[in-house]
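Asker: Chain by chain, the residues run as shown.
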Amino acid sequence: MRVLRLLGLSWFLQLKMASRSAFDGALAVAYPLFFATTVLLIFRSGPGRQKALLAAVIGSAVMAVWSATSTRAAFLLQQERHLGTLELLVVAPQPFALILVPVTLAMATVGIAGIVTTLIWGRVVFDVSLVVTQPVLFVVGILVTVLAVGMMGFLLSVASVRYRGAWALGTALELPVWLVCGFLVPLSLLPAWVRPISWVLAPTWGMDAIRAATAGGAVWADLGGCVGLLAAYAVVGTVLSRRVITSARAHATVALA
Amino acid sequence: MSSLRLLFRGGITSYRALFGWLSPWLLIPVFLVGPLAQILFFSFIGKTAGVAGPSFYLVGNAIQYAAIPCLFAMGSTIGDERQMQTLSLILVAPARRVPLYLGRTLPVIVNGFAVALFGLAVGSVILGVTLHPDQYLPLLAAIGVSAFACTGLGLVTGALALRVRETAVLPNVIFGILLIFCGVDVQRGALPSWIRDVGAWLPLTHGIAAARLVLGRSAAGPVAADLLREVLLGVLYLAVGFALLIWFEQESRRRATLERS
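Residue numbers (this note's numbering), protein chains in the order written: chain A, 1 to 257; chain B, 258 to 518.
Bound conformation, chain A alone:
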């Protein structure tokens, strides 16, 4: 129960902080809209526009979740260090992973606002009606994908703890993940060597599940793949965070990078 309280409270506080930050709040929702608009303009000027536009709206909407998470997650620990609060988090009597996960989940949650905004934008500006064959599974698919992106952000935040300019890493990963996870481009169009990378990225499976729920296909296998991978991220991230913190404490480098 204490763990759930910690996760819930931290998640809520992070959301409150994001809502008061123009960068983490409004921009996280608005920035993917620029890309979504460009993408939709491209698809609108192409052949087979109506079907392609629906797929593009959904793909662009999910892009927003990663967009809200990538830069901020990579920079998360650097920011805590910059604010002088990292030591407090490290010495807190809870596993470090339990402190990080709700933060990255909160960022991914901001992405839900991005999803809703993009879907409305697609409807109002591009006249794309969202017709979903399996609405319940569609919502489940989105929630699982948000969770997966949050866990990916958690892994990224731990992996980039030693880099001072980690925000740049997160920014640089934004578009490649959009591409490799097949949010808008079918994986079959990408080079063959990219596909194994796509398969180990949980949002790829989440996106497939969302697409299947929209078209009325089989959803559960993709959802299972997504959940399995996000669980693996959680385990790897927890182990990694423990090692990183132990090493930083032993070398007295918590405040340094």
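Don't take each hint at face value.
To be verified - Derived pair list, reagent style SDA-like, types lysine to any residue, alpha-carbon separation capped at 20 Å:
no. : chain 1 : residue 1 : chain 2 : residue 2
1   : B       : 304       : A       : 47
2   : B       : 304       : A       : 44
3   : A       : 51        : A       : 124
4   : B       : 304       : B       : 293
5   : B       : 304       : A       : 187
Bear in mind the hints are in silico, worked out from the structure with no lab data behind them.
Put chain B on the given structure of chain A with help from the hints.
Answerer: Quick look at chain B alone, frame taken from chain A:
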């Protein structure tokens, strides 16, 4: 002589301070991975949508990515000085304002030029787009004037940083606007007319158009006309940027709000 020293030494020192040279690896994801990722992203989307060939997205995105250093570096010129609490020291100095601010734009123009050139050169290899030697010079000119014009817009955002606290937000928003309005990834003819009209007054639009004309083996006249428009826009934005900087500085001094926004 002191003005020249301020122009070059001051500009380079300010530029070096922007990126934290103790860790130059920062340049790799920002200036090398970023443009290639955007070029590839939109090239694949164009392929999926069946709209345009790779050269269209290569030129548009390579040149548009010059906006990253041009907008962010100029915005940070003011914002970071305030954050480091050095802004008042700079503005209280009896230095002439034109070389002070102009010096800060020079390394940024070179940076924007280099980023776009890298994107175009490496992107053309990855996408298999052939650039002929007789196209090199006009393409370099298109990239150069685009970086110049975009730095002018960057100076305007830098000036606004005297009034706006979140200096990272504004360049991001302007970058997104340029992406849509300048015909980076969509033929300008396919854009709504009001977007086309606004885009005609934004930097990069004519630079990108000129570069596409060069790749399309157009005559020299239309290319030169677009390049000239881009240069004139750059001069206009630089002038507006200078005027805003001087006005906001005077206002900040008068209201004692230099250190806050």
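Asker: Given the proposed pairing of residue 304 (chain B) with residue 47 (chain A), does the C-alpha separation stay at or below 20 Å?
Answerer: 12 Å, holds
Asker: Given the hinted pair residue 304 (chain B) and residue 44 (chain A), is their Cα-Cα distance within 20 Å?
Answerer: The hint holds at about 14 Å.
Asker: Holds or violated: residue 304 (chain B) and residue 293 (chain B), Cα atoms, limit 20 Å.
Answerer: The hint holds at about 16 Å.
Asker: For the pair supplied as a hint, residue 51 (chain A) and residue 124 (chain A), confirm whether the alpha-carbon distance does not exceed 20 Å.
Answerer: Satisfied, since the Cα-Cα distance of roughly 17 Å is no more than 20 Å.
Asker: When you check the alpha-carbon spacing of residue 304 (chain B) and residue 187 (chain A), does it fall within 20 Å?
Answerer: 12 Å, holds
The structure fails none of the hints (numbered hints given earlier).
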